[in-house]
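FYI, full-length UniProt numbering numbers position 390 of the sequence shown as 390, with every residue one higher than the one before it.
Rather than coming from a laboratory, the hints here were simulated on the basis of the structure. Hints are supplied without guarantee of correctness; some may be wrong.
[Claimed, not checked] Derived pair list, reagent style SDA-like, types lysine to any residue, alpha-carbon separation capped at 20 angstroms: (1) 675 <-> 604; (2) 652 <-> 715; (3) 217 <-> 268; (4) 170 <-> 160; (5) 573 <-> 532; (6) 687 <-> 712; (7) 288 <-> 221; (8) 217 <-> 264; (9) 221 <-> 173; (10) 687 <-> 704; (11) 268 <-> 255; (12) 652 <-> 717; (13) 712 <-> 702; (14) 170 <-> 131; (15) 675 <-> 652; (16) 221 <-> 239; (17) 292 <-> 255; (18) 292 <-> 238; (19) 712 <-> 679; (20) 712 <-> 680; (21) 170 <-> 330; (22) 373 <-> 354; (23) 200 <-> 246; (24) 675 <-> 617; (25) 292 <-> 335; (26) 652 <-> 611; (27) 675 <-> 707; (28) 177 <-> 195; (29) 177 <-> 137; (30) 217 <-> 246; (31) 217 <-> 238.
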Amino acid sequence: MHAPVEDEESGSPGELSEDEVRDTDFVTQRNEDLLEASLEIPSSDQLSQSYEHTQREITTIGQLPASSVSASSLEALLASIVAFKSSCTVVTANTGPRLKKKYEDMPDSISSAVLMRQQLLRALVDLAIHRWAESARHALTLAPVVFELYALGGSNEHDEDEAAMMAFSKVLFVLSKESHNDAAFCNVHYVESALSLLSKASHHQLQSKKKHKEGAKLPMKMLIYIAGTLKNVSSGDERIHRLLATHGAIAILSDTLEWRSTEPSEAKEIAQVLIQTTHVLRNLSTAKSYLKQFNEAQVTIRLCELIGDFQTHQELMVNVSRVLSKLTLHEIPRSQINQRPESRLRSLLSLVDPDRNAAVSFESAESNAPEGKFQSTLLIRIFFVLGNLCAGNDRNRVLMGLQWQGILVFVRALEFYGAQYVAAADEDTNATQNNGNTGECMDVLVKLVRLLANMAINADVGMELNAEVDGLEILLAILSRAHDVGDEELMLNVVSCLTNLSYYCSHSAASITPRDQFPAAAATFIDVHRVALASRLAQIVWDRNEEAVLEATRAFGNLSRFPDVLQVMREHKVLEGFVILLDHSHREIVYTVCGVLMNAALDDATRMALLSVSTSDARALLTGILDAAGLDDVAMSCIAAKALHNLLLRTKDAKDDGEHAYRRYMASEDGAALKRVVQSVLQPLEKPSQRRTDEDEEDEAQRNELQTVLAKLQRVIQERH
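Whole structure, please, built from the sequences with the hints as guidance.
So, in structure tokens, the structure goes:
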């Protein structure tokens, strides 16, 4: 099984539109103006004049409807605010970043500056709330300076400031819900200022951890609105994604993943912030262009490490799973998890384990409840992530399947969702509701069965899984329903899983780890259910899906050593299907069919049945395969020659008409072609001087094997001629 691969994103993430460039130039000029202004220390009178001028600008603009406010008026207002802010910054520079002094303890000039800053902040917020609450363009014009004024000073004791900022942030959040405002939110300075506040909050968190005490911090509820606004707008087009990515959003949002608190109420608020920031990360993770930023910001690692502290917050865990389902498609994020599987991989496994995650249950089918919706969504993504992590990593298969007993968890989930999926086939009432529930069950099963198929690649894990005789029985019913209703992806994954399991029919087949780790088992799932499995796979051989046909054929290759399975193959026209498939254009299908026929032809009754197929002569088709493959495809020639050899074996207790039929065939054009092709392929192999001198040991071994098989085939032809 292979994880899907996303296409490369077109376009360069670093390219900005002309509008964005103009916005950036405007921001740069404002910053230069601020720096120049900060070099001068204003007097109290100058600061008061700047404040009064700005208040007049606000009053004048506030008397107009939003639609009547010109761009020049907005620019003039912003210029006034920037001038006041720069002056206020210089005056209050000696009071620290959060102005914790009380007014009576401050110099008059500083207390006056603080008071004017607060009054100006509230005036701007009032303007946005009461006059521009429905105008995203105007509100967003104010947003950067409002954020900057708030960050400039104040203290945790100024509840009015916090209330004003909460109201302002809520206005922006409400505006961001409307998709027609997306273009307005695609604003360089707004994005910079919003990200800056989140960055400041992360810095405060870091300082608190280092000093083991609470540092000055921004109100968490305000941060929830700010992060939520970014979440809403990041659901828009590529332009906002590009703007966020080029302004460091991925690294800044990654820092929020390290926020923690030992105080329960604050921990809940942090979880709400993380719900928003992880949603933004999920939206940005869809573009491979930003993958390098995700890797450098250690997003994958931090997502795994927050699971233990926030596992009870279901919506957050769903968002985490969504980001990881995108990132683990790629090698570096997978390797970051694999560096510490005991903590990172195991935390992912804990999310789907009812014994370790109280939010997950495999006991009740109440999937219409909100928690049921979250559960299905979570399991779909986490099973997909775990499937990615063990698709090419044998250590992860052993850790999850054996050491951490993940097999027991996965089989419980399989029984739970499999039963619901199968039961839906017999329910004709409440069709709409059932369709929704069935769709969720199917999606979970698609990812879960893929995970089981990937884990079964390891011999010991495959044997341990195969020992779950009762638990895996539901796979047969799932396969039948998926085939009947046309759920192709689920059908294909089930067939792949069964194919991998069919390699292991007893515990003695595995040899990678000591056998004393596993309890003795009288039988395996394949031992007990191989006849029922063969009957269901017989239908898949005729399916239009080539991948399903290939996987079903591989399963028959493993099962064809059992006489009762061969009987099923004879009774269900499977042999006829395989003979027809010898003429298929898909190389792997033809190769696998040759392997099945090689095994099946060792059985006398099956060999006679193969030779009796009326649609096509298997011997003639195999001769054509050998002729076409020759020495260009030694593996194909070898398997075709083995199948031919076994088909030409003398049947025990055969009647004389069997020998007569054989002689007639060998005397026919097809028989002559067989002898000619065998000789033409064998002859160059018998002349060492004509062999390639640069072939490696594997090629040499294959050619030697082909020579041996063709020599045996030639002797059989001569002995029976």
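Original post:
Hint by hint, which ones does this structure get wrong, listed from lowest number up?
Top reply: 1, 7, 15, 16, 21, 30 and 31
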